[in-house]
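Chemist: Between the sequences and the hints, there should be enough to build the whole structure, so can you do that?
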Amino acid sequence: MSAPLILHPDRLFPADLTTRSIARRLYAEVASLPIISPHGHTDPSWFSSDALFSDPANLLIVPDHYVFRMLHSQGVPLEALGIARRDGGAVERDPRTIWRLFAKQYHLFRGTPSAMWLNWVFAELFGLEERLSPETADLYYDRIDAALATDAFRPRALMDRLNIEVLTTTENPLDPLEAHQTIRASGWQGRVLTAYRPDPVVDPEFEGFLANLDKLGAITGKDARSWQGYLDAHRDRRAFFKAMGATSTDHGHPTARTADLPFAESESLFARVQSPSVTAADAELFRAQMLTEMARMSTEDGLVMQLHPGSFRNHSRNTLANFGRDKGADIPTQTGYVEGLKPLLDRFGDAPGFTLILFTLDETAYSRELAPLAGFYPCLRLGPAWWFHDSPEGMMRFREQTTETAGFYNMVGFNDDTRAFLSIPARHDVARRIDCSFLARLVAEHRLDEDEAAELAYDLTYRLVKEAYRL
Amino acid sequence: MSAPLILHPDRLFPADLTTRSIARRLYAEVASLPIISPHGHTDPSWFSSDALFSDPANLLIVPDHYVFRMLHSQGVPLEALGIARRDGGAVERDPRTIWRLFAKQYHLFRGTPSAMWLNWVFAELFGLEERLSPETADLYYDRIDAALATDAFRPRALMDRLNIEVLTTTENPLDPLEAHQTIRASGWQGRVLTAYRPDPVVDPEFEGFLANLDKLGAITGKDARSWQGYLDAHRDRRAFFKAMGATSTDHGHPTARTADLPFAESESLFARVQSPSVTAADAELFRAQMLTEMARMSTEDGLVMQLHPGSFRNHSRNTLANFGRDKGADIPTQTGYVEGLKPLLDRFGDAPGFTLILFTLDETAYSRELAPLAGFYPCLRLGPAWWFHDSPEGMMRFREQTTETAGFYNMVGFNDDTRAFLSIPARHDVARRIDCSFLARLVAEHRLDEDEAAELAYDLTYRLVKEAYRL
Amino acid sequence: MSAPLILHPDRLFPADLTTRSIARRLYAEVASLPIISPHGHTDPSWFSSDALFSDPANLLIVPDHYVFRMLHSQGVPLEALGIARRDGGAVERDPRTIWRLFAKQYHLFRGTPSAMWLNWVFAELFGLEERLSPETADLYYDRIDAALATDAFRPRALMDRLNIEVLTTTENPLDPLEAHQTIRASGWQGRVLTAYRPDPVVDPEFEGFLANLDKLGAITGKDARSWQGYLDAHRDRRAFFKAMGATSTDHGHPTARTADLPFAESESLFARVQSPSVTAADAELFRAQMLTEMARMSTEDGLVMQLHPGSFRNHSRNTLANFGRDKGADIPTQTGYVEGLKPLLDRFGDAPGFTLILFTLDETAYSRELAPLAGFYPCLRLGPAWWFHDSPEGMMRFREQTTETAGFYNMVGFNDDTRAFLSIPARHDVARRIDCSFLARLVAEHRLDEDEAAELAYDLTYRLVKEAYRL
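Residue numbers (the numbering used here), protein chains in the order written: chain Y, 152 to 622; chain S, 152 to 622; chain V, 152 to 622.
In short, the hints are calculated from the structure, not lab data.
Chain copies aren't distinguished; within one or between two, either way the pair holds.
Listed below are the simulated EDC-like cross-link pairs for lysine to aspartate or glutamate, each with C-alpha atoms no more than 20 angstroms apart in a straight line:
{"id": "1", "residue 1": "255", "residue 2": "600"}
{"id": "2", "residue 1": "366", "residue 2": "356"}
{"id": "3", "residue 1": "255", "residue 2": "610"}
{"id": "4", "residue 1": "255", "residue 2": "206"}
{"id": "5", "residue 1": "478", "residue 2": "501"}
Modeler: In C-alpha cells:
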C-alpha cells in the first residue's frame with residue numbers, strides 16, 4: 152500500500168457514483184468562494200500586531216480544547232500538554248515534547264472532525280502528505296515550525312491566503328476594542344469585526360458580575376447599578392461596538408428562557424440580582440428578561456441577535472479548580488425552546504427588521520422545536536450545526552432534520568465558531584462538502600433539480616450568511 | 152438544460168441502482184391501490200353539496216397552513232395571502248394577486264414536502280409541466296382556474312379520480328353531522344365517514360367549554376353537568392357517530408397523561424372543572440381521566456381510539472389575536488408516554504378488541520417509548536409519521552426507529568391528516584415510495600426477502616390500515 | 152423464485168458496491184475472532200452441570216422475552232406460549248404446540264433483530280435452510296429437538312463450537328456462586344466469569360430489600376444494618392466475586408443520579424431507607440450515594456463499573472401480577488446524565504485506574520451527553536448500543552452519533568447482554584457486520600484509510616473489550 156493520501160479530493164462525498172458526481176459538480180462551483188466567518192473566537196490582536204505565531208504546539212494543541220480534551224479522556228494529564236495550571240504548578244514547556252506526545256496519540260482522532268481539520272492544515276498549509284504518527288512527528292514539527300517563522304504565516308497574510316472575506320471575533324462590553332481600533336486605523340483592508348457578547352454583565356452568576364457592572368458604569372459614565380442606567384450603558388456600548396464594525400450580538404445562556412416583565416418588576420429584579428441573597432431563580436429570570444431587552448435594542452440598532460443555550464459550563468470540578476474555565480469540560484444539556492422563547496417572540500417575533508439566530512447543542516430540538524419555530528416566525532433563523540455537531544454526521548443530521556419543515560431559506564449558512572485560526576477554511580470546506588452531498592442526494596432522488604441545488608449551494612455558502620448577518 | 156420535469160417517475164427512490172430497482176418493483180405493485188384515508192380534516196359539506204371549488208388561491212393557498220406559514224416565516228404578512236383578520240381588517244381579496252405572490256416565493260418550498268405535494272397536484276391533476284415561477288404564475292392560474300370550473304373537479308368526481316376508497320373527516324360531539332346524513336341519504340356510493348373528536352367537550356381549557364357542555368346536554372337530553380349524565384351523553388353521541396359511519400375517535404391532548412380515578416373522585420373533579428376556580432392541574436387531570444373513560448367506551452362500542460399529544464397550540468400571541476386559531480403556529484413539545492399512559496394501560500392494555508393508536512410530534516419517543524410500548528401491549532398500534540414528520544426524511548426516520556422493536560405489524564399504515572383534498576393522493580404516494588424505498592434497502596441488505604417485502608408493501612399500504620381502523 | 156436463503160453471506164452490508172466490497176474485506180478479518188462476552192445473563196449452572204437442553208420451545212421461546220413480547224403485542228396470551236403463571240394456573244405445556252404457534256406468527260419478526268438472530272441459530276447450528284413457517288414448523292422442531300439430544304449441544308461443547316473465549320454472567324451479592332465454584336473446581340478450561348450486580352441490596356425499592364440486607368449480614372458476618380458494616384459487607388462480597396473471576400460490577404438503576412454525601416449523612420440516610428416511612432426521594436438518594444460508594448470500591452479493588460439507567464421495569468400491572476418480573480414489559484424512559492453523574496465524576500472522574508462504562512436506552516443522550524462526557528473524562532467509556540438498540544439500525548445510530556465526539560477509543564466494543572445462549576454468536580456477528588459497514592462508509596468517503604479501518608475493526612471486536620473489562 153502506498154503512503155496514505157491525507158486529503159482525498161473526493162472526501163466526504165457519498166460513495167454512490169451518481170450522487171458523488173452531482174456532489175462534485177455542485178462543490179466545484181462553491182469550493183473557492185470567499186469565506187464569510189460571522190461567528191468565532193479568534194484573537195483580534197493577532198491582526199492588529201500581525202506578529203508571528205510561536206511554535207506548532209502553542210498554535211495547534213495548547214489552545215484547542217477539541218484536541219486536548221480527547222487526549223485527556225484517554226488519561227493524558229493536561230499538564231503534559233502544556234495547559235497552564237492556576238496554581239502555577241509545573242507543566243510541560245517544551246513544544247516539541249508536547250508535539251511528540253500528540254503525534255503518538257493521533258490515532259485517537261480517527262473518525263473525528265479534528266482529524267479532518269488538522270489534516271487539511273497539514274496538507275494545504277504545510278504541504279505534508281504522510282500521516283502524522285510517532286515516526287513523522289519530528290518531520291511535521293520541523294516543517295511547521297519553519298513555516299511559522301516566515302512572513303507568509305503572519306495573520307494578515309493568512310487572511311488573504313485563507314480567502315477569508317470577513318472574520319468576526321467576540322468581545323464583551325467591557326473590552327475597549329483596542330485591537331479593533333488599531334486594525335481600523337491601520338489602513339489594512341482585511342475585515343475583522345467584533346460582536347457584542349454581554350454575558351459577563353448580563354449573567355448574575357458570572358464570576359465578578361458586580362465588579363463588571365461597576366466597570367460598565369465607569370466606561371459608559373452611566374449609573375450601571377440602576378436599571379435605567381444599566382440599559383443605557385448597554386445601548387452605549389452596543390453603539391460603540393457597532394461603530395467598530397459589529398453587526399451582531401451573541402448570547403450564551405444556560406437555557407433559552409426569556410421573560411417580558413413590566414419595567415418596575417425588572418427594576419426590582421435587577422436590584423435583587425445585585426444583592427448578596429440573590430437566588431438561582433432570580434438569576435435565571437434576570438437572564439431571561441435581558442434576552443428580551445437585547446431583542447428590543449436589536450429592533451432599535453439593527454444588530455442581529457444570536458442565542459446559543461444549553462451548555463453546562465465547566466462540568467468537572469477538578470479541571471475548573473486546577474486549570475480554569477473553557478478546558479473542554481462544557482457538556483450539552485437538554486434544551487427546550489417552545490415555552491422559553493414565547494415571551495420574547497410574543498413581543499418581537501414579527502418586529503420589522505429583527506433577526507434572532509438560534510443555535511442548539513440538543514439535536515432533539517431540530518425537528519421538534521427549532522424547525523417548526525423558524526418555519527413560522529419572521530424573525531427567526533437557524534444557526535448551523537455547532538460545536539459538537541460541527542462534523543460530517545452532525546451537519547448532515549441538521550440538514551435532514553430541519554430542511555423539510557423550515558426550508559433552506561430560514562438558515563444562515565455556516566459558522567466556524569473557532570479560535571483555531573488555521574482551521575477556518577478546513578471547517579468551511581467540510582460544511583461545503585456536506586451541503587453539496589446533501590443537495591446531491593436530493594437531486595439524485597429527484598427532490599430538487601440540479602440548477603436549484605446549485606443555487607442553494609451558493610446561497611448556503613455565501614449569500615444567506617451575508618444577508619442574515621448584514622455583512 | 153431542458154425544462155425541469157416537476158414529477159420524475161423515480162422520485163424518492165434511493166440513488167443506488169440495485170436498491171432503486173427493488174424499490175421500483177415493490178412500488179409498481181402498490182402504486183395504484185385504492186387510498187384508505189382514515190384520519191383527516193376535509194370538509195364533509197364538499198361531498199354533500201358537490202359544489203365547484205372557487206379559485207386556485209382559495210383552494211390551494213388560503214386554507215393550507217403548510218403553505219402560508221412558510222411565506223409568513225420569510226416576512227410575508229398573512230393579510231397579503233388573503234387570510235381573514237378577526238377584526239375584519241383589510242386583506243388581499245384578489246385570488247390572482249395572491250397566486251402571483253405565492254409563485255414569486257415558490258423557491259422557499261425547495262426541499263419541503265409541500266413542494267412535492269403541490270407539484271403532484273400541478274402535474275397530475277392540471278397537466279402542468281413547467282416549474283411554478285413568477286414567469287409561469289399566470290399560466291398556472293389560468294389552467295387551474297379553468298379546470299376548477301368543470302364537473303370533473305366537483306368533489307364527488309374527484310373521489311373517484313383520486314382513487315379514494317374511504318375518506319374520514321373529523322367532527323366534534325356537538326356537530327349534528329348534517330353533511331354526513333345528507334351524503335348517506337343521497338345514494339352516492341362514496342365512503343365519507345366521520346370520526347368522534349370530543350376535545351371541545353373534554354378539555355376544560357377549550358374556549359367555550361361550559362357552553363359546550365350545555366349544548367351536549369341539550370343535544371342528548373342528558374344532564375351533561377353531572378358526571379354520570381356527561382358520560383351517558385358521550386355514549387349517546389358515540390352511538391350516533393357510529394351510526395353515521397364512524398369507526399374511530401380522535402383525541403388531541405397537550406400531553407399523553409391518563410388517569411384512572413375512582414368514580415367519586417372523577418365526579419368531584421368534574422364539578423371542579425366546571426367551577427370558576429378550576430386550576431390548570433385539575434384541567435390536566437380531567438383530560439387524563441377522560442382518556443381512560445374514552446378507552447372504556449371503546450371497549451364497549453368498538454370504536455378505535457386515536458391519541459395525538461404534544462402540540463403547543465397557537466404559540467404566537469399576535470397571530471392568535473389577529474387571525475385566530477390554527478394558523479400554522481402550533482409547535483411540538485417534548486412528550487412522554489411511559490408514565491402518562493400507565494393508568495390507562497393498566498386498566499385496558501390487554502382488553503379484548505380494544506385498539507389505541509398513538510401518534511407523536513416528538514421523534515425522540517419513536518425508539519425510546521413508542522416502539523417498546525407497541526411491541527408489548529396488545530391494544531397499541533403506532534400511527535404513522537405525522538404533521539411535521541409527514542415528509543420523506545420524517546417517514547424514513549419513523550421506519551428506521553420503530554420497526555426493529557415494534558415490528559411492521561404493530562403499525563397502521565399511512566394517514567394524510569389533511570384538509571388539502573387535492574393533495575391526498577400526493578401524500579399517500581410519498582408514503583408508498585418511502586415505504587418501498589425502506590423495504591428495498593432491507594432487501595438489498597438481505598434483511599428481508601423480496602417476496603416478504605412485497606407482502607409488507609401491500610400490508611402497509613392497504614391491509615393494515617383497513618384492519619386497524621375496522622374499515 | 153428459489154427457496155429463500157435465510158442467511159445471506161452479504162447480509163447487513165451496504166448496497167453500494169464500492170462500500171460493500173470494503174465492508175467484506177474488513178469483515179473477513181474479524182469474522183472468526185473469538186467472542187468476548189463481558190456482560191450477559193446466561194445461567195452458570197448450565198456450565199457446571201453441562202446437562203442437555205430440554206426442547207426447542209423451552210430453549211428458544213419460553214425464556215426469550217424478545218420473542219414472546221412480540222407475540223403478546225399481537226394478542227397471543229402468554230399462557231399459550233408456556234410462560235408460567237404466578238398463581239400456578241394452566242399454561243400450555245406441550246413444546247411442539249408452542250413451537251407451532253410461534254412458527255405461525257414468525258412473520259411478525261420481519262425486519263427485527265430477533266429474526267436475524269434466530270435465522271443464524273437455525274442455519275448455522277441446525278443446518279436449516281428453508282424459512283420457518285407453518286409448513287416447516289415440524290421439520291424445524293424435529294431437527295432442533297434431535298440435535299439438542301446430542302453431546303455436541305451440551306453447554307461446554309457449545310462454548311467451543313460458538314468460539315466464546317470469555318462468557319460473563321451476572322449474580323447478586325447474596326448468591327453463593329456455587330455454579331462458578333463448581334466450574335472453577337472442574338478443571339474445564341472454559342472461562343465463565345461472574346459479575347457483581349448488587350441491585351437487590353442497594354435499591355430500597357427492590358422486593359425484599361430488608362430481608363436481603365439481613366442475608367447479606369449473615370453471609371458476611373458484618374452488621375449489614377449499620378452503614379459501616381454494610382459497606383464492609385459489600386467489600387467482602389466484591390472480594391469474593393473477584394476471587395471467583397469477576398472483573399466487573401453491574402448496576403441497573405432507574406436514573407443516572409449520583410450523590411457524594413458526608414459519611415454521617417449517608418449513615419442517617421441508610422437508617423431512613425430501612426424504616427417503614429422511607430420515601431421515594433430517600434430511596435433515590437440512597438441509590439445515588441451507593442453509585443459513588445461502588446465507584447470508591449472500584450478504585451480500591453479494580454473492578455470495572457457498569458451503569459445502565461433508564462428502564463421503567465415491569466410497566467404492565469397485569470403482567471407483573473400474573474407472570475412476575477422480566478416479562479418484556481420494561482420500557483425505556485428519558486435519561487439525563489449531565490447533572491446526575493456530576494457528584495460521582497467530581498469525586499472519581501480522574502481517579503487512576505477507575506473505569507465506568509455507561510449504557511443508555513435513551514438515544515437522545517448519545518450525541519448530547521454521553522459522547523461529550525466520554526470525550527472528556529478519563530474514567531468514562533461508552534457501552535455499546537444495548538437492548539432495544541442492539542439491532543442494525545440501532546447500532547449504526549450509536550456509531551454515527553458518538554464517534555465524532557468521543558472517538559472510537561472511548562468505546563468498549565460489543566456486549567450481547569443475553570440469556571439466549573445459542574444466539575450469542577449471532578448477536579456478535581451482527582455487531583461485527585455493522586461496525587464493518589460503518590467503517591467501510593468512512594473509508595469510501597475518504598474519512599479513514601482502509602488500514603486504519605482494519606485496525607479499528609479488530610479493536611472494536613476484540614482488543615478494546617478485553618482492555619476495558621480487564622479480561
